[in-house]
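K.L.:
We have chain H; now place chain G onto it with these hints.
Chain by chain, the residues:
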Amino acid sequence: RKEVEQDPGPFNVPEGATVAFNCTYSNSASQSFFWYRQDCRKEPKLLMSVYSSGNEDGRFTAQLNRASQYISLLIRDSKLSDSATYLCVVRRVARTGNQFYFGTGTSLTVIP
Amino acid sequence: NAGVTQTPKFQVLKTGQSMTLQCAQDMNHNSMYWYRQDPGMGLRLIYYSASEGTTDKGEVPNGYNVSRLNKREFSLRLESAAPSQTSVYFCASSEAPGLASSSGANVLTFGAGSRLTVL
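Read top to bottom, the protein sequences are chains H and G.
Just so we're aligned, residue 35 is where the first sequence starts under this note's numbering, counting upward by one.
Just so we're aligned, residue 7 is where the second sequence starts under this note's numbering, counting upward by one.
The following block holds chain H by itself, in its conformation from the complex (with noise of 0.2 angstroms):
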């Protein structure tokens, strides 16, 4: 079974919509969870991370739910821009320092 599993897309949404992104993780140890961007050709960048309280910035809303082990991200107003791949990133801390674990992506395509 993978580390990480997200649903991979491609979400086409015009602009305006909102757009949720699912990812489920395997391992309970995980202690940290983040979302990541990564736009074409490009590297991937940190979107945010992701608390058990739930945590907001601007648009972009994100969840954990640790005991489904479970995260979500939440795009509202959906922006022309908001067009990448959508990474979930797990990181645990192994014998031998962090480890992070990635989904394979999702891909999201704004619609003018």
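Errors might be hidden in some of the hints.
Distance condition first, Cα-Cα at most 30 angstroms in a straight line; then the derived DSS-like pairs of lysine-lysine [what the hints assert, rightly or not]:
{"hint": "1", "chain 1": "H", "residue 1": "K76", "chain 2": "G", "residue 2": "K15"}
{"hint": "2", "chain 1": "G", "residue 1": "K20", "chain 2": "H", "residue 2": "K76"}
{"hint": "3", "chain 1": "G", "residue 1": "K20", "chain 2": "G", "residue 2": "K63"}
{"hint": "4", "chain 1": "H", "residue 1": "K36", "chain 2": "G", "residue 2": "K20"}
{"hint": "5", "chain 1": "H", "residue 1": "K76", "chain 2": "G", "residue 2": "K63"}
{"hint": "6", "chain 1": "H", "residue 1": "K36", "chain 2": "H", "residue 2": "K76"}
{"hint": "7", "chain 1": "G", "residue 1": "K15", "chain 2": "G", "residue 2": "K63"}
{"hint": "8", "chain 1": "G", "residue 1": "K77", "chain 2": "G", "residue 2": "K15"}
{"hint": "9", "chain 1": "G", "residue 1": "K63", "chain 2": "H", "residue 2": "K79"}
{"hint": "10", "chain 1": "G", "residue 1": "K63", "chain 2": "G", "residue 2": "K77"}
{"hint": "11", "chain 1": "H", "residue 1": "K79", "chain 2": "H", "residue 2": "K113"}
{"hint": "12", "chain 1": "H", "residue 1": "K76", "chain 2": "G", "residue 2": "K77"}
{"hint": "13", "chain 1": "G", "residue 1": "K63", "chain 2": "H", "residue 2": "K113"}
{"hint": "14", "chain 1": "H", "residue 1": "K79", "chain 2": "G", "residue 2": "K77"}
{"hint": "15", "chain 1": "H", "residue 1": "K79", "chain 2": "H", "residue 2": "K36"}
{"hint": "16", "chain 1": "H", "residue 1": "K76", "chain 2": "H", "residue 2": "K113"}
Keep in mind that the hints were calculated from the coordinates and are not lab data.
In this text the structure is predicted, and so the values were computed from the model without any measurement.
P.N.:
Just chain G now, kept in the frame of chain H:
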């Protein structure tokens, strides 16, 4: 603040040639990583270095070697390139667990990537 710098950005090799990808970070991070990214496969860990002087295999280490030259630099070497190593390679760094000043600091910062084609 340059963050993570990797070179070269692009490289074309013939089967059997060797090359080294260079990576340097200026964030004083202890841990450094090499990943490869292929369509439909996501990011896969090749090797990592939890701290200066240590290296460990990741998920897909075969055909690669690494050197943690000092705290800043972590290089990835392909001794005899194969077409299956055609990929985009990302170097990344993070602080070691327990050393991050806040819970949000245990994040992974990536270099811009190196696109390698092996013919």
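K.L.:
Look at each hint and say if it fits the structure.
P.N.:
Hints, one by one, checked against the model:
no.	hint	in the structure
1	H:K76 to G:K15	holds (11 angstroms)
2	G:K20 to H:K76	holds (25 angstroms)
3	G:K20 to G:K63	holds (25 angstroms)
4	H:K36 to G:K20	violated (33 angstroms)
5	H:K76 to G:K63	holds (25 angstroms)
6	H:K36 to H:K76	holds (24 angstroms)
7	G:K15 to G:K63	holds (24 angstroms)
8	G:K77 to G:K15	holds (22 angstroms)
9	G:K63 to H:K79	holds (24 angstroms)
10	G:K63 to G:K77	holds (18 angstroms)
11	H:K79 to H:K113	holds (18 angstroms)
12	H:K76 to G:K77	holds (25 angstroms)
13	G:K63 to H:K113	violated (40 angstroms)
14	H:K79 to G:K77	holds (22 angstroms)
15	H:K79 to H:K36	holds (22 angstroms)
16	H:K76 to H:K113	holds (19 angstroms)
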